[in-house]
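> Take a look at the letters that make up each chain.
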Amino acid sequence: MTEFLYMGGYAFYVWTSIALAIVILLFNVISPSMKHGRNLRQATDLYLLNRNDSDDT
Amino acid sequence: MMKWLHTMASSAWFYRFSGRVIPWLMILFIALLLYGLYGGLVLAPADYQQGDAFRIIYVHVPAAWMSLFIYVVMAVYGFIALVWRIKLAEVLLISSAPVGAAFTFLALVTGSLWGKPMWGTWWSWDARLTSELLLLFLYFGVMGLYAAIEDKRTASKAVSILTLVGVVNIPIIHYSVTWWNTLHQGSTVSMTDKSSMHIDMLAPLLVMALAFKVYYGIALLLRTRTELIEREPNSKWLKAIIEEKIND
Amino acid sequence: MMQLSKLYLLVSSEFLTAFRNRHEALNPLLFFVLVCLLFPLGIGPSPVLLNTIAPGIIWCAALLAILMSLSNLFRTEYENGTLELMVLATHSLTVLVIIKLLAHWMLIVLPLILLTPFIASALGMSFDVQLTLLSTLLLGTPVLLLVGAVMATLTLVIPQNGMLLALLVLPLYVPVLIFGTSAVNATASGFSAAGPLYILATLCVLSLTLSPFAIVAALKTGVSQ
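Protein chains in written order, with my numbering: chain A, 958 to 1014; chain B, 157 to 404; chain C, 7 to 231.
Chain A with its partners taken away, still in its complex shape (with noise of 0.2 Å):
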C-alpha cells in the first residue's frame, strides 16, 4: 500500500495530475448543474409571476 502512494519516488506528480484531473472534472459537472438549478428556478419564477398577473386582469 505504501509503496503505491510513494510511486516510486514520484508520489508528488503522480497524485497531483490524478487529483487535479478529479478536480476540474467534478467543476465541470457541479458549475453547470448548480447553473441548470439556478436558470430553472428563475425560470419558474418568472413564469408563476406572469401567470399571477394575466389572474389578475
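I should point out that these hints are in silico values taken from the structure, not numbers from a laboratory. Treat each hint with caution, since some may be false.
Here are the computed lysine-lysine pairs in the DSS-like style, where the Cα-Cα straight-line distance is at most 27 Å [claimed, not checked]:
no.: 1; chain 1: B; residue 1: K308; chain 2: C; residue 2: K12
no.: 2; chain 1: B; residue 1: K243; chain 2: B; residue 2: K159
no.: 3; chain 1: B; residue 1: K308; chain 2: B; residue 2: K243
no.: 4; chain 1: B; residue 1: K243; chain 2: A; residue 2: K992
no.: 5; chain 1: C; residue 1: K226; chain 2: C; residue 2: K12
no.: 6; chain 1: C; residue 1: K12; chain 2: B; residue 2: K243
no.: 7; chain 1: B; residue 1: K350; chain 2: A; residue 2: K992
no.: 8; chain 1: B; residue 1: K350; chain 2: B; residue 2: K159
no.: 9; chain 1: A; residue 1: K992; chain 2: B; residue 2: K159
no.: 10; chain 1: B; residue 1: K350; chain 2: B; residue 2: K401
no.: 11; chain 1: B; residue 1: K350; chain 2: B; residue 2: K243
no.: 12; chain 1: B; residue 1: K401; chain 2: A; residue 2: K992
no.: 13; chain 1: B; residue 1: K350; chain 2: B; residue 2: K369
no.: 14; chain 1: B; residue 1: K392; chain 2: B; residue 2: K272
no.: 15; chain 1: A; residue 1: K992; chain 2: B; residue 2: K392
no.: 16; chain 1: B; residue 1: K395; chain 2: B; residue 2: K243
no.: 17; chain 1: B; residue 1: K401; chain 2: B; residue 2: K243
no.: 18; chain 1: B; residue 1: K395; chain 2: A; residue 2: K992
no.: 19; chain 1: B; residue 1: K392; chain 2: B; residue 2: K159
no.: 20; chain 1: B; residue 1: K392; chain 2: B; residue 2: K243
Model, not experiment: these values are computed from the prediction.
Given chain A, put chains B and C in place with the hints provided.
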C-alpha cells in the same frame, strides 16, 4: 431521415432526451474511470525508464486527445450552425468550449508535472507544447468572444466563424512532433499501425480515453440544458416542463 | 464580375480615403520604430546579442504594429453607418474587402517594411540576412493583415475590442512569427531559408484566397445585429 434529424435538432426533444440519458452516462463514466485508473495505477507494470512517473500518462494523454477532439467537434457544430442555421448546433458549440478548455488546461498542467521529473523542466517552448498552449488561447477566445457580444444569435454566428478559422491549429498540434524536432516524444499510439506500447499499458489508456469521451458527453449535455433555458425563456417546451415540475 | 470602370472607381475611392487618413498610418509606424529602438536601450548595446535577437525584435514589433492598426479597420464605417450600406448595396462585397485590405496594406504596412532596412542596419544585420528578412515580411505581413482582419470584423460590434482582438489573433499569428524568424535565423546561420519561406508563401496564398470569405461572413454577421 430529415424528419428524424429535425426532431433531434429541436430544443424540446433535446432537453427531455438529455435529462433521461445523463444518469446512464454517469454510471458508464464512473465504471470506465474506476477500471481505467485501477488498470493504470495498480495493474500496469512500471516503465523501464520512467518508473512510476509514467502513470501520469493515464490522465495526460486522454486529456490531450480530448482537447483536440472537442475542438474538431466544435468546428463541426460551427459548420452545421452556419450552413443550416440550426440553433441547437450553436448551443452545443458554446457549451463544448469550457469543457475543451478544461481538458486543454489539464493536459498542459499534467504535462508540466510529468516534464519536471522526466526532462528536468516545467516548460519548454517546443512545437507541441506551444501549439497546445495556443489551443488554450483559442478556447478562451471563443468563450471571450461569445461573452462580449450581447445578442446571442450574433455571438453564435461570430463564434462559429472563429472556430472554423482556428481549426487549422489542430493538424499543427497533431503533426508537430513529426514536423519538428521536439522535446515532447513522438507518437506511440496509432489507429492504423501497431502501437509501440505494451498492451498492459495501452489498455487502461484506451479505457481512460473512452471514459473522458463519455464525460464530455455528460458535461456537454449538462451545459447545453442550462444554456437552452437561458436562451429560450419564453418557449412552450420550457413552460410545459415548468408546469410538470409544479404539478409534481 | 465587375466592370473595369466600377473596379477603378472602387480602388480610387478606397485609396483616396486611406490617403486622406494617412495620419492614421503614422501611429503603427511610430510604434514600430519606437519598439525597435527600445530594445537596444533596454537590453544593452552588445552587437553580438543584438545581432542574434534582431530578427525576433523586428518581427515582433511589426506584428504588434499591424495588430494596432487592425482595430481601426472598419471602425469609422461601422460608426457612421456606411458599413451597412456597403454590405447591403455592394455588388461584390468580397472584392470591396480585398481592395480595402490592399489599400490598408500599401499605406500602413508597406512604409513599415520600407523602414525595416534602416532599423535592421541599426541592429547590426548583414545585407543577405536583411534580404531574407524583407522577403519574410513581404510574405508574412499579408497573412497577418488578412487573418487579423477576420478577427477585427468578428469583434467589430464590441466597443473596447483591443484585448479580445489580441487574444483571438495570437494563436494564428504565432506560426507566421515562428516561420518568419526561423527563415531569417537560418540565413544568419548560413543555412538555406527556402523551407520556411515556402511555408510562408503557402500561408500567404491560403489567407489571400480564404480570408476574404470569412471577412465577408463576419461583416454580414456584424451588420445584421
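> The structure should be examined with respect to each hint, and the outcome stated for every one.
Evaluation of the provided hints:
At most 27 Å may separate the alpha-carbon atoms for a hinted pair to count; K308 of chain B and K12 of chain C exceed this at roughly 37 Å. Proposed proximity of K243 of chain B and K159 of chain B is supported: the alpha carbons are some 16 Å apart, at most 27 Å. Distance check on the hinted pair: K308 of chain B and K243 of chain B sit about 10 Å apart at the alpha-carbon level, within 27 Å; holds. Between K243 of chain B and K992 of chain A the CA atoms are separated by roughly 20 Å; this keeps the pair inside 27 Å, and the hint holds.
A C-alpha spacing of about 22 Å is found between K226 of chain C and K12 of chain C, which places the hinted pair at or below 27 Å, so the restraint holds. Between K12 of chain C and K243 of chain B, the direct Cα distance comes to roughly 39 Å. Violation of the 27 Å bound is thereby established for this hinted pair. Proximity of K350 of chain B to K992 of chain A is assessed by CA-CA distance (about 45 Å); at most 27 Å being required, the pair is judged violated. With a CA separation close to 42 Å, the supplied pair K350 of chain B and K159 of chain B exceeds the 27 Å bound.
This hinted pair does not check out: K992 of chain A and K159 of chain B have alpha carbons roughly 32 Å apart, beyond 27 Å. Only pairs whose Cα atoms come within 27 Å are accepted, and K350 of chain B paired with K401 of chain B is rejected, the gap being roughly 53 Å. The hinted pair formed by K350 of chain B and K243 of chain B fails the criterion: a straight-line CA distance of about 41 Å is larger than 27 Å. The suggested pairing of K401 of chain B with K992 of chain A holds, with an alpha-carbon distance near 17 Å, which does not exceed 27 Å.
At roughly 23 Å between alpha-carbon atoms, K350 of chain B and K369 of chain B fall within 27 Å of each other, so this suggested pair holds. For a cut-off of 27 Å, the pair hint linking K392 of chain B to K272 of chain B is broken: about 55 Å separates their Cα positions. Restraint check: the Cα-Cα separation between K992 of chain A and K392 of chain B comes to about 21 Å, which is no more than 27 Å; the hinted pair holds. For the given pair, K395 of chain B sits about 19 Å from K243 of chain B by alpha-carbon distance, which is consistent with the 27 Å threshold.
Our distance criterion of 27 Å between C-alpha atoms is met by K401 of chain B and K243 of chain B, whose separation comes to about 25 Å. A C-alpha spacing of about 18 Å is found between K395 of chain B and K992 of chain A, which places the hinted pair at or below 27 Å, so the restraint holds. Annotation: proposed proximity of K392 of chain B to K159 of chain B holds, straight-line Cα distance about 20 Å (limit 27 Å). Between the alpha carbons of K392 of chain B and K243 of chain B the distance comes to roughly 16 Å, so the proposed pair stays at or under 27 Å and holds.
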